[in-house]
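Number of protein chains: 4
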Amino acid sequence: MKAGTEAAAIDAVIARVEELGFRAHVSRGAERTIVGVIGDERPVDPEQFEILDGVERVVRILQPYKLASRDFKREKSQVAVGGAVFGGTGIAIVAGPCSVESREQLFETAWAVKEAGAHFLRGGAFKPRSSPYSFQGLGQEGLDLLAEAAATVGLPAVTEVVAPGDVDTVRRSSAMLQIGTRNMANYALLHEVGRSNHPVLLKRGMSSTIQELLMAAEYILHHRNYALVLCERGIRTFENATRFTLDINAVPLLGELTHLPVVVDPSHATGKASLVAAGARAAVAAGADGLIVEVHPHPDRALSDGAQSLRPDQFAALVREVRDIARAVGRHLLGDAA
Amino acid sequence: MKAGTEAAAIDAVIARVEELGFRAHVSRGAERTIVGVIGDERPVDPEQFEILDGVERVVRILQPYKLASRDFKREKSQVAVGGAVFGGTGIAIVAGPCSVESREQLFETAWAVKEAGAHFLRGGAFKPRSSPYSFQGLGQEGLDLLAEAAATVGLPAVTEVVAPGDVDTVRRSSAMLQIGTRNMANYALLHEVGRSNHPVLLKRGMSSTIQELLMAAEYILHHRNYALVLCERGIRTFENATRFTLDINAVPLLGELTHLPVVVDPSHATGKASLVAAGARAAVAAGADGLIVEVHPHPDRALSDGAQSLRPDQFAALVREVRDIARAVGRHLLGDAA
Amino acid sequence: MKAGTEAAAIDAVIARVEELGFRAHVSRGAERTIVGVIGDERPVDPEQFEILDGVERVVRILQPYKLASRDFKREKSQVAVGGAVFGGTGIAIVAGPCSVESREQLFETAWAVKEAGAHFLRGGAFKPRSSPYSFQGLGQEGLDLLAEAAATVGLPAVTEVVAPGDVDTVRRSSAMLQIGTRNMANYALLHEVGRSNHPVLLKRGMSSTIQELLMAAEYILHHRNYALVLCERGIRTFENATRFTLDINAVPLLGELTHLPVVVDPSHATGKASLVAAGARAAVAAGADGLIVEVHPHPDRALSDGAQSLRPDQFAALVREVRDIARAVGRHLLGDAA
Amino acid sequence: MKAGTEAAAIDAVIARVEELGFRAHVSRGAERTIVGVIGDERPVDPEQFEILDGVERVVRILQPYKLASRDFKREKSQVAVGGAVFGGTGIAIVAGPCSVESREQLFETAWAVKEAGAHFLRGGAFKPRSSPYSFQGLGQEGLDLLAEAAATVGLPAVTEVVAPGDVDTVRRSSAMLQIGTRNMANYALLHEVGRSNHPVLLKRGMSSTIQELLMAAEYILHHRNYALVLCERGIRTFENATRFTLDINAVPLLGELTHLPVVVDPSHATGKASLVAAGARAAVAAGADGLIVEVHPHPDRALSDGAQSLRPDQFAALVREVRDIARAVGRHLLGDAA
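Chains as they are written, first to last, in my numbering: chain A, 3 to 340; chain B, 3 to 340; chain C, 3 to 340; chain D, 3 to 340.
If you're looking for bench data, these hints aren't it; they were derived computationally from the structure.
A quick note: this is a predicted structure, and the numbers were derived from the prediction, not measured.
Put simply, identical chains are the same to the list, so a pair is met inside one copy or across any two.
List of simulated lysine to any residue pairs, SDA-like, C-alpha gap at most 25 Å: (1) LYS75 / THR91; (2) LYS4 / VAL28; (3) LYS68 / ILE12; (4) LYS4 / LEU64; (5) LYS75 / VAL87; (6) LYS68 / SER132; (7) LYS75 / HIS261; (8) LYS274 / THR211; (9) LYS116 / HIS300; (10) LYS274 / GLY119; (11) LYS68 / GLY56.
Starting from the given sequences, assemble the full structure and let the hints guide the process.
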């Protein structure tokens, strides 16, 4: 409460707290009086109290997420997808082109990343592009090519879904649904992938806090879809020498706050091919459970994200470096001996 | 090109430029050589060049948007919606509750804002909420109530649509479709409202640049839906004493860059009822074409955004203040004498 | 305290609270226990508690500033400087060149801003420039010219001081010391201007929160130098279409939190001459007590900040527009009839 | 130039370019005309052109720094300080308390970090604190204690200097001068440490871009003080779950842009003891040349930065982890066999 608030205003706040089904607990300090709200505050908007007469500030005590928290589940979750697993001691590597552009480009990349040691094949069929004049992805044709390439080389496919009405189709062509950064707060879509019961890779919004990421996860979990992996992919900051800022702190912090596996996308988080391997090494050193990396046989001809795509030989070098880092932190790449 | 790049690398860049259908223009400076790309660069991803050997940096010369630009249309657009107009000398005021909560709440608010001088009634039926445990809106029932209230008090209704599949339904219940801040880059939704040919109020993403806002507008315009109004609603910054930071610079800058009308939402941009009127006055003083303001008969009982909602008497005071500011900048409220 | 913390850990926290001279107040909620700290917490680093076993989070209740707060002084402060006053009903306008470049440039500007209606003359002699290769100001010669021009045209001078050792010299040549945005957290300098007992214009750090600005003010006030005016001058955000983002919310919010007068610098806050007048109008509409504006007779020849400097005729137009806005909010320009 | 600019305006720009001693090079595109400026543009403010009639935008081609760039010096610099070296294959570790608080605290920490493998002793005597009510450091007494402890345990001392007038004194008590984050743009101080010819550890401003960091370095280098090490210490972003955001991208990017050694401060960059080791591992994995870590024998009694200080046993564990990471990237800790 504000300094000098009269008793009547404090009583009114208490009455409102009790009306909402909580108990109130008053604590009088030297300069301020605090009214504690006893109960599960999650369903209540703290703003409802902020507007009451004499209230200076409302402070949440509980984290607003529940199913995603370590309070709810102490041990780390393991998420099995197409025979591989995220969240064990093995580090999982997802790799492939930003967009599926053609059969030739996709198959060439798929074989290359498989050979270099990737565990999943990524590739976008529906591309959210900031310009309506840019390549928007091949759509259904891209999905079909991806499913075919994945089956041919023997890697589970991960691909993005951008509209609630597409979830069912995309689910049938892939082992894992990706929610992209621009859709982290697209709740209609989150509800739908929650209901799908298909594994989900949820990317952090480029300007979303870690708490908001966990709230987005909560949307999916509360449909009882627990096959969920989180992805740090860089955040927007004042720094513009790189496309985004890889929030490396998020990796160990998410490890404290949630039981969900966490992977890192060093391609988007740096935006520059020459920085991707350093970002990948840092991610695994900091405790990431996996990586998602853009690879293209000819980055200078890519229809999207060329500047941050690795050539197959660069990707193979990255895998070797990451293998050494994994060993240094007492882990290993998925498929290597533990 | 980087310092010391060899002629062969420069030639390769030129070849690539020409292969893509442009002409190249080479300019040699004291320390750097620049390869100019002559032609309409919009459909091309600048990153394609960034990855070429010897390239240091790629600089876009043209703005990536076209239909939204003042180059494309010099005079300010006027957007007529339900008998009123955005973008003329009159300032338009949209007001109403954040969410439609009940018939009583909505009608009480609708009559109050109408009486205070609002020109449009706002109210959300589909609410994007950061928590799945918060009130998510009344959905279809909310839409029906909104349409009824709007007809009863005689104000056109503005309401948010959050999923491509809902556009048609929402269009039938409202005079103007609102795209909320979390959906500014939801391209599936932008395509759909573009195709609807219904007036659109496009809110800036809370972490989107002005250029990205104009690119989102371009998505709608290129479906030939020109009934488009932009909305500055506060951006996310390091400052956390207010919910968002009202980017007042955006108002005159958008006036230079685009012909589209621009309104401001001081409720979200401040997040605090006591700051809303100041934000509204500033917006009109800076050249905004309108305002969108949250009003609730009992903000302390609002199911969403209570802290930033004005009581009807506070809203009436805001209208009076804004009327004076409008006069001071040579404009007037819609419906007042010019 | 974290969920499931044992009683012994809570007791240890209580013991530490009491050892530091506070009383502890324990409140047990449904999922968390809270230990309240009763007493004036300002001198204590909250982090000291964060590190204790079982502590989940520490929340400050009191604002960390005291002398700057409205709790300490309810009524708005009026700061008299050289015959004029900041913080009354009159709006004060400070204008002049970014840098003092030459006698001719300075006198031409000084006469022009005086004639247009400015109340103070600004001009920098010590310029903090991001490049060592840029013009660094005329130093002592600049100070002397400024003092002479100010005396000649009859306007009090405001100028920046950048090093503790210069405070005494600069004080003798000016009516008001400016602390620039890069020095808001230069505590050695704040102590020195605090001790000087000379009026101070304290600019907000371009990446400082409002609370940090008030803490910087506290450094000056606790030397009993109360002749202090705060300045919002734009903050750094992700938006790069403008040089900075004018935080217009800061104006009414500072009005709630502090008794100190608040002025706005629309020149730096926008960085673009064509946006300055809109920023100035918005500032006064939002409640600012004054403006500080860069004016140059030939902006295209300015040695610093040319892009955001107004020509004298543009400045005169700004003053006229601001006069109308001041009237619309029940105020007036200093020197005009109330 | 803007679309449709007349020839006379273009000629005026060319005339101005030539008047300033450059050559102009005109390139006409499909929609825009570009005027290139041939020559060393560094001393010229690009804004001078921005204000000219018809100019749409000014784009710098050269980086504004020179001595700090890889253009100027291709090979990585090695900076020798007190018998150790930054920038070779060995990783340097600087450790010690945030503040020198007492003889006992300092010596206990100094022996502990020495034993755990640190190569430098840090400790602050002059503390920039956001509150005037917080502990401000022991000043001269702290410097004397630091010099004594460093000599006793046999580690070179690194300490912060905050005012130009203190540079000489601090130089005499330490092997390396630290410029803290709040003073990165304190040019009066940068000039003075540049002139001192003493080794400098320059921390990035918490809201400074990488380019601004390199410009601050340029201030020191142009006094021919080349004994300069840069430090990434976390930047301010919208994320508030951690104190700052460790910009891990800055490590490899600085490695591309500059020849200067780069160290990372994971203590400030995370602000939370439990995240420091992960940040340290990530930094070395990404290519950092060293670390600076806060250690305190009793973090819960620290007078500053307790929440992010490691206990000696935690620091010893960090050194072991970092040693393994260094090996994984083909490097080693200073003093270990190469």
